[in-house]
Amino acid sequence: MLPQFYTAPKLGDDQEIFIPVSNIIELLPDRTGFVVIYKEQPRKFSEATSYPWFFRYPNNAAIYNADGSLRFQIKLTDNLESSLYIESFAQESIEHPDKNSVTINSTTNPIYSFYTLFAVDPDSPQLIETGQQIRR
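Going left to right, the sequence shown walks through residues 0 to 135 as numbering that gives the first Met the number 0 numbers them.
Worth flagging that the hints you see were computed from the coordinates, not collected in a lab.
Any given hint might turn out to be false.
[Said to hold, decoys possible] Straight-line Cα separation of at most 27 Å, DSSO-like style, residue types lysine-lysine; simulated pairs:
#: 1; residue 1: Lys74; residue 2: Lys43
#: 2; residue 1: Lys74; residue 2: Lys38
#: 3; residue 1: Lys38; residue 2: Lys98
#: 4; residue 1: Lys74; residue 2: Lys98
Note that the coordinates shown come from a computational prediction; the quantities given were computed from them, not determined experimentally.
Go ahead and model the full structure; you've got the sequences and the hints to work with.
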């Protein structure tokens, strides 16, 4: 029996899949997979705390297929010393209403009055710049 803190997203044709992390996830619009954003350290109730179920800043998110296999790690930057990281999920962008969106933050200056909004491409590890900002 799986612990009660496992996440069980309902994907296409209402199938449930159990994943070993307690992070907030968001389903892809076509329900062929899901996005996970990881915090700086593994969550307290996450069973898995390493690859492929945990990614450190700055490229701290991944897309998984409906069967739970890793599709790819989302790439925010090639500079692994960057202070940027993927903060949270957000409303869809105006230009890409058919894609999940995320906000970006910085460990060196986390108190901006606006978040920068990026769209998530389910077919590419690169985030899509939207040119949009949303108020905190």
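- [ ] Take the C-alpha atoms of Lys74 and Lys43, compute the straight-line distance between them, and say whether it is at most 27 Å.
- [x] holds (25 Å)
Open item on the list: With the threshold set at 27 Å, check whether the alpha-carbon distance from Lys74 to Lys98 stays at or below it.
Closed with: holds (16 Å)
Task: Agreement of Lys38 and Lys98 with the hint, judged by alpha carbon distance not exceeding 27 Å - done: holds (22 Å)
Open item on the list: Hinted pair, alpha-carbon criterion (27 Å max): Lys74, Lys38. Please report holds or violated.
Closed with: holds (15 Å)
Checked against the numbered hints given earlier, this structure breaks none of them.
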